[in-house]
Amino acid sequence: MTRALFVRQGHGPLLTPDDLPFHANAVLNPGLAIVGDETVLLLRIEDRQGLSQIRVARSYNGIDGWRIADRPLLEPDLPDFPYEEWGCEDARVTQIGESLWIIAYTAYSRYGPAVALATTEDFETVERLGIVLSPSNKDATLFPYPFDGEWVMLHRPVTGGQEHIWHATADHDFYHWSRPGVLLPERGGPWWDGLRIGGGAPPILTDEGWLLIYHGVKEMAGHPIYRLGVALLDRDNPRR
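Numbering-wise (numbering that gives the first Met the number 0), the sequence shown opens with residue 0 and increments by one.
If you're looking for bench data, these hints aren't it; they were derived computationally from the structure. Warning: the hint list may mix true and false statements.
Pair ranges (Cβ atoms, derived) [stated by the list, open to error]: (1) Gly187 <-> Tyr110: 43 to 51 angstroms; (2) Leu99 <-> Asp18: 36 to 44 angstroms; (3) Arg57 <-> Ile95: 16 to 24 angstroms; (4) Asp235 <-> Asn60: 29 to 37 angstroms; (5) Asn60 <-> Gly180: 25 to 33 angstroms; (6) Asp172 <-> Gly9: 37 to 45 angstroms.
None of the values given here were measured: they were computed from a predicted structure. Quick reminder that beta carbons are idealized off the backbone N, C-alpha and C, glycines included.
Please model the complete structure; the sequences and the hints are all you need to start from.
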């Protein structure tokens with residue numbers, strides 16, 4: 000008998016468009032942070048024009064009683080940020096030190112999806128760092144501290160039609176990423192993650208190493224199916 004790794008909470012989504020104080024097409028793919036006694040979600044909300052924004056929701060128990068912010072934390076802002084003209088999508092949040100949070104998200108425009116970063120200390124205001132990895136690239140997330148002086152980011156570029164999870168490193172800041180390499184390849188073939196894979200939540204430190212939750216896609220006759228998988232990364236060198 001197979002033992003379930005995770006148990007679904009409740010019988011439906013935590014939030015739907017009906018829970019929002021305005022009309023929207025969808026609410027999906029939130030980032031998550033625990034701040035004091037609150038659970039903070041960074042919701043991706045697609046508005047009626049089809050543009051995505053990132054907006055904060057807060058709850059004391061992480062299940063219900065969600066309080067939705069009056070305005071977006073990140074949204075398309077033209078002409079200052081032209082590479083976000085079609086939306087800010089799929090935030091992933093990592094705490095850096097005591098009070099700084101770094102947000103990795105997808106900046107979407109006519110030029111394709113790109114990896115963008117921003118920082119916040121209160122989830123009310125942000126400082127955009129801008130595009131750090133060019134299109135086509137998304138699903139980025141960071142580790143919470145450097146390894147041998149290097150910050151490590153996971154991301155999912157499209158290279159030659161293939162979509163693997165890659166790693167990149169930065170020495171001193173969050174602007175300049177280099178030394179790329181494949182961390183987890185798509186498997187191809189009939190596997191549940193054979194079509195493509197991509198990162199999920201930021202990696203979780205355990206006694207055995209870094210637990211990476213990722214998504215995989217398999218092409219079916221009617222439509223592709225998304226599933227979640229797990230991988231264990233080295234505790235001292237998560238690039239392996």
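Quick one: are Leu99 and Asp18 within 36 to 44 angstroms, going by C-beta?
For Asp18 against Leu99, whose Cβ atoms are near 29 angstroms apart, the range 36 to 44 angstroms is violated.
Taking the Cβ atom of Arg57 and the Cβ atom of Ile95, is their distance within the range 16 to 24 angstroms?
holds (21 angstroms)
Would you say the C-beta atoms of Asp172 and Gly9 sit inside 37 to 45 angstroms of each other?
Roughly 41 angstroms apart at Cβ, these two residues keep to the hinted range, so it holds.
Okay, Asn60 versus Gly180 on CB: inside 25 to 33 angstroms?
violated (40 angstroms)
So does Gly187 sit 43 to 51 angstroms from Tyr110, Cβ to Cβ?
violated (28 angstroms)
Using the C-beta atoms of Asp235 and Asn60, is the stated range 29 to 37 angstroms upheld?
holds (35 angstroms)
In this structure, the hints that do not hold are numbers 1, 2 and 5, in rising order.
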